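Single-letter residue listing:
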Amino acid sequence: MIDRTTLPNSVPIEQLRFAAEQLNRAHQRMGTRLLGVDGPRVTIGLQWRAELADSAGAVASGVVTALLDHACALAALVALGDPTRVGGTISLRVDQLDELTTGSSVNVAAEPIAVGDDVVVLRAQAYDPLDAIQPIATAISSFAVAR
Amino acid sequence: MDQLEALIADTPYCRYLGLRVNDGGDLVLPGDAHHGADESRLHGGILAAAVEAAALLHLRATRSTMVRTVELTVDLVRAGHFSDTTISVRPLHIGRRLARVHVVATQQHGTRLVASATGTWLLA
Chain B
0 MIDRTTLPNS VPIEQLRFAA EQLNRAHQRM GTRLLGVDGP RVTIGLQWRA
50 ELADSAGAVA SGVVTALLDH ACALAALVAL GDPTRVGGTI SLRVDQLDEL
100 TTGSSVNVAA EPIAVGDDVV VLRAQAYDPL DAIQPIATAI SSFAVAR
Chain S
0 MDQLEALIAD TPYCRYLGLR VNDGGDLVLP GDAHHGADES RLHGGILAAA
50 VEAAALLHLR ATRSTMVRTV ELTVDLVRAG HFSDTTISVR PLHIGRRLAR
100 VHVVATQQHG TRLVASATGT WLLA
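Residue numbers (numbering that gives the first Met the number 0), protein chains in the order written: chain B, 0 to 146; chain S, 0 to 123.
Each hint should be verified, as a subset may be incorrect.
Stated by the list, open to error - Chain B is nowhere near these chain S residues, computed Cβ spacing over 12 Å in every case:
| hint | residue |
| --- | --- |
| 1 | G24 |
| 2 | R67 |
| 3 | L91 |
| 4 | L122 |
Stated by the list, open to error - Between beta-carbon pairs, the in silico distance windows are:
| hint | chain 1 | residue 1 | chain 2 | residue 2 | range |
| --- | --- | --- | --- | --- | --- |
| 5 | S | A78 | B | G56 | 32 to 38 Å |
| 6 | S | S82 | B | I132 | 39 to 45 Å |
| 7 | S | V76 | B | E50 | 27 to 33 Å |
| 8 | B | F17 | S | G23 | 39 to 45 Å |
| 9 | S | I93 | B | Q14 | 44 to 50 Å |
| 10 | B | S9 | S | H101 | 38 to 44 Å |
Derived from the structure by calculation, the hints contain no laboratory data.
Small disclaimer: the values here were computed from a predicted structure and weren't measured.
For glycine and all other residues, C-beta sits at the position ideal for the given N, C-alpha and C.
Chain S extracted, bound-state conformation (with noise of 0.2 Å):
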């Protein structure tokens, strides 16, 4: 978790996001009026960017090399509230080169699925 911290403190665009912690380990969009596309929903391009986000700083705080996204598929369940969303990052493999991620989006403490993705990373 102290890794991922560093990771975020190191990355201007995270901080730009404001992404951060939480307990277990999962990355934290904050439900910020300016992440919105309009007056009452979270931009999707910026759901998107988290997510790439939080698999970059996953793969960079287990491998410790250069990451780099090399494709990513975001499906976008339903409107993004303004409130905090969770993003949990599972791999699904990682191999020498390449690492295939799952990545999920909830509000509403994992109750209310708004994003899923599934992205290749470079590891090199």
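Chain B extracted, bound-state conformation (with noise of 0.2 Å):
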């Protein structure tokens, strides 16, 4: 049921592209980036924006986590090698760890953890890109798989 090792026909990233910053209306509308796909693994990014932002000036924490769940449905993506096998989000867990400050961007990386015929369970974490270590958020998702 669950392969980890093996990727299926690559996706070719002008179709990753395409899915990460047009396709998904809501991130064409936030300024979404696609930033790198390794392997499996596949990086979003998000420049600051004040209409983004929360009350105190930093990138809301609702906008981490409909940035978590896009790097993940881009991961599923890369996973199956297909966009209409890619299904939508059944359930996500985010933890927010630490709060950004006022002007930074920030980045999220997300990859499968299991992808079965049914659904693809990921992870993802959320950073500072100029603080990559320490993430500020992190989350788990699961997403059907649709045949």
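Hey, can you piece these two chains together into the complex? The hints should help.
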């Protein structure tokens, strides 16, 4: 059921970039960018913007939550090798570990833990690109696999 | 209700989401296409973000202190349509430092459950 060692037909980087930055309307509006793919690991990023801030001026924790979900969906796409097989989020658990500071950008990297025929389980970490050691949030998610 | 509206006005991201307060004191996320994952469904990440924002707003309104998310688990029950989503916040326990809160997001006047969430917030 679970194959953690091999990846299916690789998704062309331009297809992944389209899924990350254009196809998803919410992230098109937010200005989310695909930063890279390293094997099964997908990294996206967002520049600080005033309209995405909380009342203190930092990127709102809800924005980080949306980025964690999106990064997991893109890593599921890489893991499944076919956008038509990526279903919706089943569940998303987010732990907020630290606060971003005003003006900080945020990067999120996601990778699969288990790829099944029906469900993909993934993990993701969000961090300030200027401090890649300490994550500011971490997530575990599950996604449905469409048949 | 006025206090929730004031907090929304004070928080850029809540204005970005388009959150508003309905007559029952619940928050409403508009079903705008610009919140979509594709051409027909709301993005799950936006639903999760709106659920989190709703809990933060309610706790800030009741405690009037700094409130920070510790953890949140969102179960997305079914796809969200491009229609208003009503977000109801129910505190399970509010302690001195931590609040445990349950949040439910529904469409079609409460008949269509789209998300259920439980989380913990730090009251500082």
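Hint-by-hint comparison with the structure:
1. G24: The claim holds: G24/S sits with its nearest Cβ about 20 Å from chain B, beyond 12 Å.
2. R67: About 7 Å separates R67/S from the closest Cβ of chain B, which leaves it inside 12 Å; violated.
3. L91: 17 Å, holds
4. L122: 14 Å, holds
5. A78/S / G56/B: 32 to 38 Å: 34 Å, holds
6. S82/S / I132/B: 39 to 45 Å: 43 Å, holds
7. V76/S / E50/B: 27 to 33 Å: 29 Å, holds
8. F17/B / G23/S: 39 to 45 Å: Holds, since F17/B and G23/S (Cβ atoms, about 41 Å apart) stay within the stated range.
9. I93/S / Q14/B: 44 to 50 Å: Given range 44 to 50 Å: holds, Cβ gap about 47 Å.
10. S9/B / H101/S: 38 to 44 Å: 41 Å, holds
Hint 2 from the list above is the single one not met by this structure.
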